[in-house]
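Produce the complete structure using the sequences and hints provided.
Heads up: the sequence lines are chains A and B, in that order.
Quick note on this note's numbering: the first sequence kicks off at 1 and runs consecutively.
Quick note on this note's numbering: the second sequence kicks off at 1 and runs consecutively.
Just so you know, the hints here were simulated from the structure itself, not pulled from any lab data.
Cβ atoms here follow ideal geometry from the backbone N, Cα and C, with glycine treated the same way.
A portion of the hints provided could be inaccurate.
With a cut-off of at most 30 Å between alpha-carbon atoms, the simulated DSSO-like pairs for lysine-lysine come out as follows [said to hold, decoys possible]:
no.	chain 1	residue 1	chain 2	residue 2
1	B	Lys-419	A	Lys-59
2	B	Lys-244	B	Lys-379
3	B	Lys-190	A	Lys-59
4	B	Lys-190	B	Lys-125
5	B	Lys-229	B	Lys-107
6	B	Lys-133	B	Lys-465
7	B	Lys-139	B	Lys-41
8	A	Lys-59	B	Lys-139
9	B	Lys-526	B	Lys-212
10	B	Lys-379	B	Lys-269
11	A	Lys-59	B	Lys-133
12	B	Lys-353	B	Lys-299
Simulated restraints, written as ranges between beta carbons of each label pair [stated by the list, open to error]:
no.	chain 1	residue 1	chain 2	residue 2	range
13	B	Ser-413	A	Ala-66	36 to 44 Å
14	B	Ser-376	A	Leu-153	15 to 23 Å
15	B	Asp-294	A	Phe-288	18 to 26 Å
16	B	Lys-379	A	Val-17	36 to 44 Å
17	B	Ser-82	A	Ile-15	58 to 66 Å
18	A	Asn-208	B	Lys-244	54 to 62 Å
19	B	Lys-108	A	Phe-288	24 to 32 Å
20	A	Pro-45	B	Lys-190	35 to 43 Å
21	B	Gly-49	A	Ala-29	42 to 50 Å
22	B	Asp-318	A	Ala-66	50 to 58 Å
23	A	Pro-45	B	Thr-267	53 to 61 Å
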Amino acid sequence: MWLYLLKRLVLAITIIVIAVTLLFLMIRAVPGDPAAVLLGPRATPEMKAQLHEQMGLDKPFVAQIATFFGGLLHGDLGFDVFSQRPVAEIVFEQLPYTIELILVSILWAVVIAVPLGCYSAIRRNSVIDQVTGVLSVATIAIPSFVMAVYALLIFAVTLRWLPAVGAGNGFWDGLTYLILPAFAIGIGWVGYISRLVRASMLEILGENHIRMARSFGISEWRIVARYALPLAILPTVTILGVGIAWLLSSAVFIEVVFARPGIGALIVNAVNTRNYPIVMGVVLVTTFLIVSATTLSDLVNAFLDPRTREKL
Amino acid sequence: MKHAIGNMSRRSFLKTGAVLGGGVVAGGMPLSQAIWAAEGKVLVARSSGDIVKLDPGFYVGQGDTDVMSCIYSKLTRYKPGSEWGWELEAAEKIEQVDPTHVRFRLKKGIKFTGGHGELTARDVKFSFERVIKHNSPVKGDWGPLDRVEIEDDLTGVIVLKTPYVPLWNVVLPYGVGHIVSEDAVMKATKDGGDFGLKPPAFSGPYVIADFKPGQFLLMTRNAEWSGPKPGFDEIRLLLIDDVKAAERAYRAGDVDITTISSDSLATLKVAPPADTKIENFPSLYYNWLGMNVDHPKLKDINVRKAIQWAINVPQILDAAYGGQAVVATGAVAPGLIGHREKALVPPEGDLAKAKEFLEKAGVSDLTLSIDCLNTSTFKTIAETVQAQLSQIGITVEINLQDSGSFWTTGMESEGERWKALQLYVQQFYSQADPHTATWWAKQEQVGVWNWERFRSQRFDELSEKGFTVSDPGERAKIYYEMQDLMEESGAYRFLSNVSWPLMYRTTKIEEAATRPDGIPLYLDFKPVST
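Structure representation (structure tokens):
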């Protein structure tokens with residue numbers, strides 16, 4: 001187990017180094033100058049040179065990347081010259097909004113989708129199974145930003161039940177601001193997870209140990225909850241681990257539609273303004289998130305399935 | 001139980017109700033608004049731009065100055081209304097002693113918060129000179145400022161190296177004109193430099209009570225303010241980047257006032273939301289089709305003239321702005337000194353004349369590229385230009401670019417891309433002085449912001465003269481001629497002074513005071529009396 005964790009840590013560091021280096025190369029291959037964008041038409045050549053120097057853009061590429069990784073070793077993500085604030089402060093100010101959006105979205109989707117998938121598997125070809133099947137495909141097919149716009153128009157603009165923009169202030173207020181964005185992101189996952197759980201549940205329910213449990217006269221619901229679900233949920237856990245990247249992409253659109261703060265909105269602005277330190281900081285943090293999520297899903301898999309545990 | 005209910009504030013009740021009911025509407029008020037509700041008169045507005053700096057010496061954009069005008073004092077301020085002008089704010093008296101000296105006398109009793117004392121001439125000197133001393137990106141705003149001389153606690157003289165008429169229009173009543181406390185800034189920054197987003201002291205009618213960058217900024221009344229009280233107790237500025245999202249937020253009741261997009265304006269005029277007033281202002285934005293005169297394909301002025309005459313501006317504005325934008329007559333916006341009544345080339349152009357110019361140039365099968373930002377408006381403009389130029393046999397290829405890439409296209413310092421630049425759609429924003437709408441077309445700006453690479457000695461001379469002539473009539477003539485020179489070069493086809501429509505809720509706001517270009521002046525807003 002410890003060896004496994006060590007391996008994952010090394011892998012995570014390698015992935016982060018590769019991702020960040022690639023990004024460094026990519027953003028410099030694209031035309032654009034942060035000084036010109038940030039300072040606008042009032043930028044004189046002297047001011048541009050001054051900003052370049054402050055951002056370290058006057059140094060050779062290798063020196064720039066070495067400075068970045070050097071800073072990273074001391075927990076320093078860099079400094080945003082323009083807002084005069086540390087990049088870490090800016091990123092970690094926005095990150096909680098994206099994380100809470102992703103967590104709430106996936107949480108409500110799992111809470112609805114897993115029982116729905118189980119029920120569809122147990123009552124295969126029932127009306128509910130068929131209706132769930134059709135709705136699942138429909139919700140998967142509708143992009144989250146389209147869902148977001150319509151949800152917003154119905155519940156915020158027409159009915160005025162929920163706020164249209166922002167993230168609120170405080171816990172309870174923040175929750176009301178989360179409902180629509182989380183609904184828009186999560187609805188597609190409800191369809192996806194319920195289909196996934198249904199399929200793996202059908203497979204597990206046909207296995208020998210389940211048949212044996214039935215022969216002992218154990219109730220069907222107990223079989224499902226105690227013996228089948230822990231195994232049937234494994235693909236879902238794996239998908240959720242990988243799906244964090246997808247969820248982050250959805251969050252970018254949703255944050256724009258709902259004018260929510262978050263790293264999605266932050267990175268879009270940073271890329272447009274060629275604010276390299278912010279772009280690097282956000283990518284570093286999101287890469288770390290994705291690597292952490294996949295590791296966590298592996299560990300959850302190991303916890304649920306003794307066969308996987310033995311392989312670690 | 002009764003006691004418990006009695007102790008529950010309306011706000012707590014709404015919050016609890018919101019969570020439990022998940023959609024209960026309190027007293028007809030949208031839930032979102034109910035949760036935000038506070039006692040007193042609260043204005044919720046969409047910020048006109050991102051709030052990046054709250055240090056006037058280093059301000060970035062309109063979002064910053066909207067807030068600054070509420071939390072700091074300045075010598076003069078813009079008058080609300082449909083005509084550009086200024087009035088006294090912190091100054092009791094201000095006068096031009098001679099072309100390079102401006103004497104001011106401050107009002108007594110304007111206090112800085114946090115025990116930083118009264119606003120004095122010393123603070124004015126510190127605030128103005130630090131912009132130059134710290135080589136601020138906005139030091140250009142101060143033009144030829146030399147120093148500020150202190151005569152006594154409340155009196156000082158602004159000394160300029162050379163005459164500078166824009167001082168009255170874009171310096172004193174705007175960004176760098178805001179006054180900060182020397183004592184507070186020195187304590188906060190040690191060297192008097194940029195304090196970013198954390199004002200060390202306030203001197204205006206409001207103070208910042210809460211600020212979450214990228215989200216909202218809340219201003220409440222300054223308890224130490226002794227001047228005239230503004231109408232609203234609280235102003236909440238919501239930072240909504242996307243204008244369409246802002247429109248939805250307005251419809252949902254989340255904001256009381258917002259700008260709206262030009263393409264939504266026509267629809268909203270026909271079917272406005274309930275209790276809403278819509279006003280449309282000519283903005284200080286101006287856009288045009290630029291032509292790189294150094295490009296071999298565009299070197300011949302006849303080719304450029306052919307393009308100028310082939311462009312039908314109203315058609316473009318119909319397509320890109322739903323017909324709601326004002327046809328530009330030049331770079332100087334309506335209402336400003338130097339705004340031309342009409343352009344040299346009529347807005348509709350003339351295809352026959354365009355063909356004549358092309359024949360004169362002896363060019364056929366011409367293929368050109370047009371660069372523009374990748375927003376829907378600019379893309380539509382480029383597509384319409386493409387269609388219009390096809391009528392005279394010019395094929396146009398469109399290059400859409402993101403803002404980071406586009407804004408360096410014509411810069412010599414950024415590689416060789418400027419050499420390939422042919423046509424492009426550009427949009428700039430000026431301040432309330434014609435100088436700010438024209439300076440970038442000088443020869444020294446070729447390859448910097450003058451991407452057309454237009455060169456005119458006469459233009460440069462007039463530009464310098466424009467700083468010194470204070471008579472409005474004479475000054476206007478200077479800018480008429482400058483814009484004529486730009487147009488005669490064939491390098492520019494002015495398209496639009498982009499409109500700036502606003503909508504606001506008449507149940508909350510009795511009068512939304514603005515500058516002539518629609519920028520809100522929150523201190524002059526009048527709430528509906530209850």
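*Which hints, by number, does the structure contradict?*
7, 13, 15, 19, 20, 21, 23
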